[in-house]
Amino acid sequence: MYTREAHPGEHLSAHEDFEAKLAAARRLRDELGIARPILVDDHAGGVHRAYGLMPNMSWVLGRGGTILYKAMWTSAERIAGFLARQAAQPSGLAHAPFFTEQLELRRRDAATFQQGLERNGPRAVSEFARAEQIWAERARARRRDGSE
Amino acid sequence: MGTYNYERFDTYVESGVDEREFAAFPNMLHAGERAPDGELTRFDGGSVRLSELWRRQGVVLEFGSYT
Chain A
0 MYTREAHPGE HLSAHEDFEA KLAAARRLRD ELGIARPILV DDHAGGVHRA
50 YGLMPNMSWV LGRGGTILYK AMWTSAERIA GFLARQAAQP SGLAHAPFFT
100 EQLELRRRDA ATFQQGLERN GPRAVSEFAR AEQIWAERAR ARRRDGSE
Chain B
0 MGTYNYERFD TYVESGVDER EFAAFPNMLH AGERAPDGEL TRFDGGSVRL
50 SELWRRQGVV LEFGSYT
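Chains as they are written, first to last, in numbering that gives the first Met the number 0: chain A, 0 to 147; chain B, 0 to 66.
The following block holds chain B by itself, in its conformation from the complex (with noise of 0.2 Å):
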C-alpha cells in the first residue's frame, strides 16, 4: 500500500514522517505564487483540473478525510 496510504497512524508517526510532513509545509508553496495544477475525480465519474475551476474564479482549497 506504500507510505502515502498508511494503515496504522501510530507506525506512521513512529516511522517520523508525520514530523517531517509538518517541518517541510511552512517552506513551500507561499502566497503570490503559481498553485500547483492536478487532475480530481467528482462523484459522478468526471475529472476536473483545478486550473479549469481557477479559470473561472477563486477557489476556496479544503483538504480533509472521514476521521
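Looking at chain A on its own, in the form it has when it is part of the complex (with noise of 0.2 Å):
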C-alpha cells in the first residue's frame, strides 16, 4: 500500500493532492519494477493512519480480517517463514492459537537506503543527515539523564 512519501525530495516531493500521490505510486511502480499489486491511501493517510503510520511495516490478515502477524519493518524473509509455518499448521480441536510477541532483527541495507535517498535529490540526503543528527542528540541526552 503507498503512503505519505517518507523522504520528500527534489525529484518526488510531498504530495499536494491525491491526484499527485496515485502519480507517485505510479512511478514507484515503474521505476522501481513493482510487481505486486499496489494500493493508494487517501491523502490524508486513513488507512495508514489506522495501522501505525510505520514507513514500511507489514501485516498479514487472515480471511475474515483478524490480524495474524504485525511487523514494524518489512522482512520477506520473516513473512515468509510465517506464511510456511501457517500453512503447514494443523487444524482441529486438539490445536488452539495463542499470542506471541518478539523483537526480531532486521538487515540493515545502508547502501540500498542511501541510494534510494539519492534517488530522490540531495534535499532527502542533507534531511535525512540532519534526521541522525538529532537521533544522536536525543540518544545523548536520554544518556546523560540516565533513562538509557
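Nothing false has been slipped in among the hints.
What follows is a list of derived Cβ distance ranges for each label pair:
hint, chain 1, residue 1, chain 2, residue 2, range
1, A, 100, B, 43, 36 to 42 Å
2, A, 109, B, 55, 36 to 42 Å
3, B, 45, A, 90, 32 to 38 Å
4, A, 134, B, 45, 39 to 45 Å
5, A, 29, B, 29, 32 to 38 Å
6, B, 31, A, 86, 15 to 21 Å
7, A, 90, B, 20, 36 to 42 Å
8, B, 51, A, 125, 40 to 46 Å
9, A, 86, B, 6, 40 to 46 Å
Far from chain B, by Cβ distances over 10 Å, these chain A residues were calculated:
hint, residue
10, 34
11, 88
12, 89
13, 90
14, 92
15, 93
16, 94
17, 103
18, 108
19, 139
20, 140
21, 143
22, 144
23, 145
No wet-lab data here; the hints were simulated from the structure.
Think of the CB as a built atom: it goes at the ideal place given N, C-alpha and C, for glycine as much as any other residue.
Join these two chains into a complex; the hints should help.
What follows is the structure, encoded as C-alpha cells:
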C-alpha cells in the first residue's frame, strides 16, 4: 500500500493532492519495477493512520480480517517463514491459537537506503543526515539523564 | 499540506512526531484483533475495501513509499 512519501526531495516531493499521490505510486511501480499489486491510500493517510503510520510496516490478515502478524518493519524472509508455518499448521480441536510477541533483527541495508535517498535528490540526503544528528543528540541526552 | 504529508523529513523528526509514532506502534492493534477496514484506490481508478480482499482470502499488506 502506497503511503505518504517518507523522504521528500527534488525528484518527488510531498503529495499536494490525491492525484499527485496516485502519480507518485505509478512512478514507484514503473521506476522500481514493483510487480506486486499496489493500492493507494487517501491523501490524508486514513488507512496508514489506522495501522500505525510506520513507513515500511507489514501485516498478515487472515480470512475474515483477523490480525495474524504485525511487524514494525518489513522483512520478506520473516513473512515467508510465517506464511510457511501457517500453511503447515494442523487444524482441529487438538490445537488452539496463542498470542506471541518477539523482538527480531532485520538486516540494515544502508547502501541501498542511501541510493534511494539519492534517487530522490540532494535534499532527501541532507535532511536524512540532519535527522540522524537529531537522533544522536536525543540518544546522548537520554544517556545523560540516565534513562537509557 | 498538514503534518501527515510533511515536506521536510528533518523538520518532521525535529518535531518529535516520529518518536511518538514509533513509541505508539507496539501498543496498538495486536494479533488476534480485528484489522481496521478502509478504502484504497487501484491504478485503474477503481476502489477496493480491505474487507473485500480479506473476505475471499488472507492478505499480506506492506506499507511503503518511493523512498
